[in-house]
Structure formats: structure tokens, C-alpha cells
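Visitor: Given chain A, work out where chain B should sit, using these hints.
Each chain, letter by letter, is given below.
2 protein chains.
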Amino acid sequence: MEVEQMSHPERVFDAMKARIVQVLKKTKKLGKDDPRRVIHSLKVGLALTLVSLLYYIRPVYDGFGVSTMWAVLTVIVVMEYSVGATISKGLNRAFATLLGGSLGLGAHQIAELLGEKGEPVFLGVSVFLLASGATFSRFFPRIKARYDYGVTIFILSFSLVSMSSYRIEDIVELGHQRLSTVAIGVTVCLCVSMFICPVWAGGELQELIALNIEKLASFLEGLSTLYFAENDGGDVSKEKKNLLFQGYRSVLNSKSTEDALANFARWEPGHGRFQFKHPWSQYLKIGTLIRQCACHIETLHSILNSDNQALLDIDDNTRLMLYNLSSESSKTLSELASSIQSMTVPTVVTSFARGATIATNGIKAATVASLLIEIAACVERVVGSVGELAE
Amino acid sequence: MEVEQMSHPERVFDAMKARIVQVLKKTKKLGKDDPRRVIHSLKVGLALTLVSLLYYIRPVYDGFGVSTMWAVLTVIVVMEYSVGATISKGLNRAFATLLGGSLGLGAHQIAELLGEKGEPVFLGVSVFLLASGATFSRFFPRIKARYDYGVTIFILSFSLVSMSSYRIEDIVELGHQRLSTVAIGVTVCLCVSMFICPVWAGGELQELIALNIEKLASFLEGLSTLYFAENDGGDVSKEKKNLLFQGYRSVLNSKSTEDALANFARWEPGHGRFQFKHPWSQYLKIGTLIRQCACHIETLHSILNSDNQALLDIDDNTRLMLYNLSSESSKTLSELASSIQSMTVPTVVTSFARGATIATNGIKAATVASLLIEIAACVERVVGSVGELAE
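As given, the protein sequences belong to chains A and B, one line each in that order.
1 is the number of the first residue of the first sequence in my numbering; add one for each residue after it.
1 is the number of the first residue of the second sequence in my numbering; add one for each residue after it.
Chain A with its partners taken away, still in its complex shape:
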């Protein structure tokens, strides 16, 4: 065997080479799937290089001194993928630094009045109380959602300013320098994030919702042709069916992504077709309805899976009705998806489910029929919700 003739280091080398090739392939795929990932990475590099100029230009560095570091630190932690996330973190950081720093200076002023022994005790107690209180405030869901990062920075600024004041003479000057460098860092992040190939969280949310609706539409389309079309009832290949039932799964778990995107979108200024106070919560409502629809599909899936004979004893009239129900639902969803993307009022018929009656002999077939009617009703609710959004 060739493998045995190879020496040990050669084998290790080969294994490493294979691993590296694998990682490179994955990297290439990640970049190709969404080139904005590459652009985002370059944007972070650019923002950091811009802010590093503060170090290399003598007069600037002389002005800020060691505080220059805070600009670098700010860029690294504030720069996020979407504009909304960057704005949210940037504003949180800037205002929390200002607020925490000012309070810290205040604590320093009071502490000075207490004499040499009282000063560290007072500072210690105030840091303890403020940190505990601020940490507890993060358990409020509203604060957690929008100002979590701000609370961290608030504790940080207060602690650093009040503690340093015990050791450093000119604490006001230092605080001023830090605030300026943080402001510079935030500004660089906002400019790079907004003006170079911006990724808007609002647009991402819209895309995600439209994509999810599209996924359900193609499921229902596949269902109608694979299960209810004439001439090929039960004898469809298993792979095709498995493929059909994979597509909608991700819809079920998209809530946390949607919530995060809506949260970031609220921070974004008006841009393109989106106004500043765009009704982002309406997207979340639509998202909930779509997930409900996906839930029904999940149930349908397990019913169809649990009994392969379920749809064999179906009569032609019922088959036609089921075909119509699922293909009409699919068409409606497709139109809704494009109406969300084009931000127009949807022009779809919503009465296709109303005429459906169940007259069939098999119990399973009846269940499938009820579920499809339920899905169709759910689609109608989505129609209503998308309509509200468009208005």
C-alpha cells in the first residue's frame, strides 16, 4: 500500500494539506454565497486602518496621548454587519460613556471632600451600588433589548473614571480625551457603515420575510404536484418528497433573527423606500403568521409521513379540490412575497378556501383536507397583514 510506504511526517503533512484545502473551499463558498460578507470584512479593516492614523500622525497623537487607544477599541466593538446594529451600538456607547463619565466625575468630587481615608471607601461603595443596580436593570426586557450594551459601557465608564480619579491627577482632562476619542471611533464606524455598500437591517428583515413566504409557497407548489396532481398519486420518488419537506423547516426557527433585525431597523434613518418610522412591527406580525402556517405544514408533514397509504383511497373530486387548495395557496403566497419586496398593495384573491368542502371517505385524507383548509385560512390572514403593511 502506498499509505504505509509514506513516512509519519509525510502523512501528517498530507492530512494538514487536506484540512487547509477544505477550509479554503468553505471560505470561498461563504464569500460566494453572499459577497457582502467579504465587503463587510474589508469595511472593518478600513475603519480600523482609518482610526489607526490617529497613532501615526504626530500632532494628533500628541493631543490625545494614550487615550487614542479608545478610538481603536470603539471601532472594533461597535462595527457591526448592519447599519442599524452599528448605530445602536455606537449611540449606546457614546451616550453611556458621557453619562457614566459625568457621574464618575461627580462621585470623585464628593469623594474628595471625605478626606484620605473616606475617599476609597466612598468610591468602593458607590461602584458596588451602581454596578449592582445597573446590572439588575438589564433584567427588564425593554432595557435588555435596546440598551444592554449601553448599560455595560455605563458601568465601565463610571468605574474607570471614579477609580482612576483616586490615582490620576487631571481626571477631567482624561475624561475629556476619552470621550473625544470614543466619539471619533463612533463617527468613523457610522460613516464607513452607512456610506460604503451599506447593509440595512430593515431591508434584510423585508428580504427574510419575503424569502420565508416564498419557501412556504414553493412547498405548497411541490405538494400539489407531487401528491395531488393527476396521473402520479402515490408513486413519487422518496428523494423528491424528502427534498420537499426540508425547505420550510428554517421558517419555524426564524423568530429570533426577525426580532433582532426589527430591533436594529428601528435605529436606522430613512433610506431608499423606507421612511424613518417604517412599521417594522408589522413585519413581525406577518412573521408570526407565517410561522403558524409553517407549523400547520409541519403537522401535515408528519401526518403524510406516518401513513403512506393515506392518500391512495382518495376520490378524484377531493383530489382536485386539494390540488386547487394547495396550488392557489402557493400562488397567493408567491404574489405576497413579491408584493412585500416591491412594497405594493397585494392584488390577490382571498376567497379560494371558502368554497372548499370535504367529502371524502378516508379519515387521513379528511385530516389532510382540514389541514390544507387551515393553511389556506392562514394564508388569508397573511394577506390581510401584508395589506395592512402596504397601507
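Derived by calculation from the structure, the hints in this document are not laboratory data.
Any given hint could turn out to be false.
Copies of the same chain are indistinguishable here, so a pair counts whether it falls within one copy or spans any two.
[Said to hold, decoys possible] Here are the simulated lysine-lysine pairs, DSS-like style, with alpha carbons at most 30 angstroms apart:
id : residue 1 : residue 2
1  : K240      : K331
2  : K240      : K25
3  : K144      : K32
4  : K240      : K255
5  : K285      : K29
6  : K32       : K255
7  : K26       : K255
8  : K144      : K26
9  : K277      : K26
10 : K26       : K241
11 : K240      : K285
Just so we're clear, the structure is a prediction, and the values are computed from it rather than from any experiment.
Guide: Leaving out everything else, chain B in the frame of chain A:
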């Protein structure tokens, strides 16, 4: 009217008072609902006060100088609610600081060879490349899940060390000081987090899964008594029904919490009844099955909701079968929940769904029956999964 007699400042004052009382009530409720929140807040305060001693003790401060700041900064950002999250962030921070700092020193050594003009150019280019590359690596799902924070700190340490080296003479000494203070901060966090009323992510995950199973159990229990018990078929009060259909909803959206807890649990050392390599992924599998079950319940809910007459034309035999199906499912789930909590092998019967046959005249009733059978089958899968975990 009294309100009109009040002056403007008085009204503002009253409104403020009402608001403050409201916030205080909310605060009290948050603390009462889970006293560990209060304990966590106090723990953060304690860790911060401990680390602030570095400032107040002269010889220590003389040793670390301004770098003392990094200990404070580390405590504030690393201290998390659960032990696993704290360990994850702490280790990420410590190792990323070491790695990034060392590479930064390396870049500094090379840059020095390039002369006064070449140095900033080389440093700028290397920061740009490293930051872009590291940022891109965060798009790999595995790195995102486990080392996201580490990548941030890696970029941060590399940038700060390499840039500062251009301006500060004794960069090795500075790097050494920073690493030591970060290590002190991480150690303080780990000790406070682990030894004072620890909250283990693993235990939280177990509790969450058991609680979710319990929620489904009480839904099925309620369903059997409200809909299928003898003597009160369709005339149950609407509030009771609405209440019934609220409980299971949160189960549908618990995936992201479960994923995060399992991720943190993997970092935790063995403790109590949990070994170091406890099969956390098995909890996630159970979670997925429970969500599937909740999905079926959601579908059942909308079918029962869409037609109030659905269950009126049901015959007594079917009613009894449905009652048995749902109450047996409920009992099984309850036992599973307590077997998960006590970490014992579940001793439940899993054949209750097998004998169920559907013989009913109403289509809706048949659908409900099919769904209940589906739910029962789902419960059986959960049984298998919990059994695997117990082994």
C-alpha cells in the same frame, strides 16, 4: 374637578410619582420572580469592588500602573449570569489577549526592521489584513457560536499592541502588564461566578426542557377535561379555553434560548449530578421534538378555534378515546418532565396511542382525532429521546 385645580408643576410631580411607583413595583416583581437576579447583580458589584482594590492598594497599583484599568474592564464585560457564559467569555478573553498580543509584538519586531517610513505602512497593512480576515472568520457558524467574543478580543489585542508599539517604548512590559491584569480580572470573575450561589447553564437547560414538557402536559390535561370529559362538552367558559391555549405558546420559540444554554453548558466543569461531557446535545434533540409537539398543538388550536361546532356531533366512544389519548399523553409528559429533573430512566407506558382507532362521523372530529394521535406519537418519540439521555 380636582385635577384642574392642581397647578402644572403639581401635575407633573404626580405623574412622575406614579411612574416611579410603577417602576419600583416592576423591579420588586422581577426580583421576587427569580431572586437569583438580585444575587447576580450583587455578585457583579462584588467582583467589581474586589478588582477595584487593585487601585486602592498602593504597592499593587505601583506594579501595574494604568494597566490596572484592564482588570476592571475585564470584570465588567466577562461577568455573565451563568457560570458557563462567564467561563466561555473569560477563556475567550484570556487566550485571545495572549494570542493577539503575541502576534502584535511579532508585527512590531518586523516593523522595526523596515525603518521609520516603512514602519507605519507595514503596521497599517497588517492591521487591515488581520482585522478583515478575522472578521470574515466570524461568518463560519462554528466560530460564531463559540469564539465570537474571542475574535473581537484577538483583533483588539493585536491592533492595540502593534499600534501602540509605534509610540510607546517598552511595549513588552506593557503587554505583560495587560495580560496579567486581564488574567486577574478573569480569575476574579470565575471565582465569584462559580463559588457564590452559582447558576449553571446546564441546570438551566435541564429546567427549561422539563418546564416546556410540563407546559405541554398541562395543556393536554386541560384539553381532556375541557373538551372531552363527560357532561361538559361544548359549553365551557371562553376564558378557561383561552387560558388553556396560552400556556404552550412560549415552547414554540424557545430554540434560541436552548441553543445558547447548551453552548454555555459545554464550557462548564462537572458539578453536582452533571459530568463534564454530559450529553447536552440530547437535550436539544428533546427540545426539537417538544417543539414539534407544540406545533401540532398549535394546529389543533386553530382547528378547534375555527369551528366551535366541531366537537358537538361526536359520539361517546370517540369522546372517550380522545379523552384517553390526551390524558394519557399528558400523564406521560408529566412523568418525563420529572424523570428529566431527577435524571432517572423514565418508566412510562408508550403504547397508549397504538390501540386508538378513528371511527367518527364528523370530519372535524376526525381531524382532531388524527392530530391527537399524531401528538401521542410525538410524545412517544420524546419518551425514546429522554430514555437515551437517561442512559
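Visitor: Between copies, within a copy, both or neither: which fits K144 and K26 at Cα up to 30 angstroms?
Guide: This pair counts as between: shortest inter-copy Cα distance 15 angstroms, intra-copy 35 angstroms.
Visitor: When no copy is specified for K277 and K26, does a C-alpha distance of 30 angstroms or less occur within a copy, between copies, both, or neither?
Guide: Between copies only: 29 angstroms across, 39 angstroms inside.
Visitor: Quick one: K240 to K285, C-alpha cut-off 30 angstroms, is that within a copy, between copies, both, or neither?
Guide: For K240 and K285, the Cα distance is within 30 angstroms only across copies (25 angstroms; inside one copy 32 angstroms).
Visitor: Classify it for me, K144 with K32: is the Cα-Cα distance of at most 30 angstroms met within a copy, between copies, both or neither?
Guide: between (35 angstroms within a copy, 18 angstroms between copies)
Visitor: If the cutoff is 30 angstroms on CA atoms, where do K240 and K25 land: within, between, both or neither? Let me know, please.
Guide: within (28 angstroms within a copy, 57 angstroms between copies)
Visitor: Can you give me the call for K285 and K29, within, between, both or neither, at a CA distance of at most 30 angstroms?
Guide: Between copies, since 28 angstroms is at most 30 angstroms while 33 angstroms is not.
Visitor: Up to 30 angstroms between alpha-carbons, please classify K240 paired with K255: within, between, both or neither.
Guide: both (28 angstroms within a copy, 28 angstroms between copies)
Visitor: From the Cα coordinates, with 30 angstroms as the cut-off, is the pair K26 and K255 best called within, between, both, or neither?
Guide: both (27 angstroms within a copy, 26 angstroms between copies)
Visitor: With identical chains treated as interchangeable, where does the CA-CA distance between K240 and K331 reach 30 angstroms or less: within a copy, between copies, both, or neither?
Guide: Answer is within: at 21 angstroms inside a copy they meet the 30 angstroms cutoff, but 38 angstroms across does not.
Visitor: Regarding K32 and K255, is the shortest C-alpha distance of 30 angstroms or less found within a copy, between copies, in both, or in neither?
Guide: Classified as both: same-chain Cα gap 26 angstroms, cross-chain 29 angstroms, threshold 30 angstroms.
Visitor: Within a copy, between copies, both or neither: which one fits K26 and K241 at a CA-CA cutoff of 30 angstroms?
Guide: Classified as within: same-chain Cα gap 28 angstroms, cross-chain 51 angstroms, threshold 30 angstroms.
Going through the hint list in order, the structure satisfies each hint without exception.
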